[in-house]
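Q: For reference, the chains in residue letters:
2 protein chains.
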Amino acid sequence: MATADRVLVVGGGPAGLEAARGIADLGTPVLLVEAKDALGGTPWESYATLTPHLAPTRELMAEVKGAVEGHPLIDVRTTTRVVASEGVAGNFQVTLEHDGTRVVEAAGAVVVATGFQHFDPGRETQMYGYYEYDDVITLVDAERMMQAGQFVRPSNGAPPRSVAFIQCVGSRDRRIGNQYCSKVCCGIASKQSIEVKHLVPDAKVFIFYIDMRMYGFWEDQLYWKAQEEHKVNYIRGIVTEVIKKGDQLLIKGEDTTMGRPVEVLMDLVVLSVGMEPSAGTLEMARIFQIPREPHGFLATVGEPLDTVSTPVPGVFVAGAAAGPKDLEDTVSMGGAAAMRAVSLLRRLVAQSA
Amino acid sequence: MATADRVLVVGGGPAGLEAARGIADLGTPVLLVEAKDALGGTPWESYATLTPHLAPTRELMAEVKGAVEGHPLIDVRTTTRVVASEGVAGNFQVTLEHDGTRVVEAAGAVVVATGFQHFDPGRETQMYGYYEYDDVITLVDAERMMQAGQFVRPSNGAPPRSVAFIQCVGSRDRRIGNQYCSKVCCGIASKQSIEVKHLVPDAKVFIFYIDMRMYGFWEDQLYWKAQEEHKVNYIRGIVTEVIKKGDQLLIKGEDTTMGRPVEVLMDLVVLSVGMEPSAGTLEMARIFQIPREPHGFLATVGEPLDTVSTPVPGVFVAGAAAGPKDLEDTVSMGGAAAMRAVSLLRRLVAQSA
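Sequences listed follow chains H and R, in order. Position one of the first sequence corresponds to residue 1 (our numbering), numbered consecutively onward. Position one of the second sequence corresponds to residue 1001 (our numbering), numbered consecutively onward.
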């Protein structure tokens, strides 16, 4: 059977957008499938600004989103799901569903860019009270408030006088089954702490952390910037409990630098929730029979020298579907997956000629 | 002037190899220039094994190295340097020097993959005694010993009974001008600590760190594996001094978890030296007029949504020439740069048609 000269990209977030644009810019047609009704993925939907420069997400992403939406070689299908796949590299027959109608489309290669979902802190509700107390929120809730240009206590709509970020919620935690570090939460919390100070200059802001994983340039772009320019306080410690006290939240735990218990009252608590494979990622694992690595994300082969090839020939992965990734990882993988997918189609065509 | 249908890749390490193979697999000819007499870069030359799976470097890199060396579209020039460049995107005229002879070659786009060099601990010699004491070595010296299948004290050739890794040597240090974190040293030290225990099972191994930046899957692949399976001890602290005492080394500093001074005798000290731009990277910045970002590495534009485009049209960067990168970053960037370079040539050809 002839090689289908088209690549299916599943997922329209930063990884899928970059992969789709890259493939199309290389001259190969793309079928881009997104389950939601708009492209952009989690950042477009929920993040006010992006690390490391705190630039507005929608301004920054508009270029790639527009390039994809306007590209003559990219067929964008929103509110569409991949529900089945048959065939092999060079000729996958993929069933798509849109509005209850199913169609089968051919693709020579597939890039899975279905990303992650945030850890649901309900699974730790007894510790941190996310579903019990209005003023316990997640990083994502904070971004949504900041998208609207405000940062207030949900309980009363007033600016918080004190804010505590609790790191590693749903990460580095064997009890809940997520042993890995989610990589980006230290950077995002530090970014948000700066934004809190922009929006509520008088607020006291604390970040409770186990290790501060501000790798590379984040060291001074975010970590020292937060401390020196914005007077954010980093406290190395383990928070064991958040309980309601009056109209505030009492944080109990241990300051591991000082080696003593800590109890502080806060107006607002932000849980730095980690990454888990999204439902779409698990679904693509099943449909394309992609093995999952020990943490549950899509497996890749050839680590560390190949970040995008899955064990299934012709199926590539980009972004956080393969594990916790920052935006730089994600777009680099999108570009690398584009290169690999187009190269594969070239090779298959050459072999069959 | 017609677009030159060829990409110059400068540097034959993991980033340059991946970029070269990617470009050639997309059907575009590559001119790959490497200053040394063999491809493979720093890992091939000096690293016994690679993070995160401790696989032998040369086994792992043989595939991409062989693919590049045998590729009909890749013209490999070793012991060759780029010494000048004129022209613009689509038609760079690049002067190469080999054995004292200069030739001018045309390239439509350029990928700079000239990497990093390790921080020279001589710049901190008063603190850690690298040039004074035989048994103070760097991560690189350790890798070279491990390549030869051994791990001994240089002073007497005997296996060390105790080994201390000191993290952040030349990183996160304003005094020496390197404010950034070098990203990979926590992972490499943890990897090496496991290898020390393989080679010298009775050795006691300590890692003195400020923050342990074992992001993502390194958390359990390296950090917990070192502690639980190999009994490596992680001590959060600042080492202020290494001095000779008898035939051992006295490490003085502060254990910041316990909040008390620490003084321990060690047989061998490994300095976890960070990354700085290599001489070749600085040279390429000059020749191609690529601005340097505030830490001295090659600047990129469009962060975080583009990791490989420099401010100079037609000139891309991959790997640690753009800042501290792990191997995954590096190969993803290599693939992404391949995609961008070939896309650019396609666009230029289309525009001129």
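Quick caveat, the hints were computed from the structure, so don't treat them as lab data. In this text, all values refer to a predicted model and were calculated from it rather than measured experimentally. C-beta: ideal position from N, C-alpha, C; glycine also. Treat the hints loosely; a few may be bogus.
[What the hints assert, rightly or not] So the derived label-pair ranges between C-beta atoms look like this:
| hint | chain 1 | residue 1 | chain 2 | residue 2 | range |
| --- | --- | --- | --- | --- | --- |
| 1 | R | THR1257 | H | LEU265 | 24 to 32 Å |
| 2 | R | ASN1233 | H | GLN179 | 14 to 22 Å |
| 3 | H | ASP173 | R | GLU1254 | 24 to 32 Å |
[Claimed, not checked] Covered, in the sense of this in silico footprint (three residues per stretch, anywhere, with C-beta under 8 Å from a C-beta of chain R), are these stretches of chain H:
| hint | stretch |
| --- | --- |
| 4 | 100-114 |
| 5 | 325-333 |
Q: Now tell me, hint by hint, if it's right for this structure.
A: A quick look at each hint next to the structure:
no.: 1; hint: R:THR1257 to H:LEU265: 24 to 32 Å; verdict: holds (26 Å)
no.: 2; hint: R:ASN1233 to H:GLN179: 14 to 22 Å; verdict: holds (20 Å)
no.: 3; hint: H:ASP173 to R:GLU1254: 24 to 32 Å; verdict: holds (29 Å)
no.: 4; hint: 100-114; verdict: violated (count 0)
no.: 5; hint: 325-333; verdict: holds (count 8)
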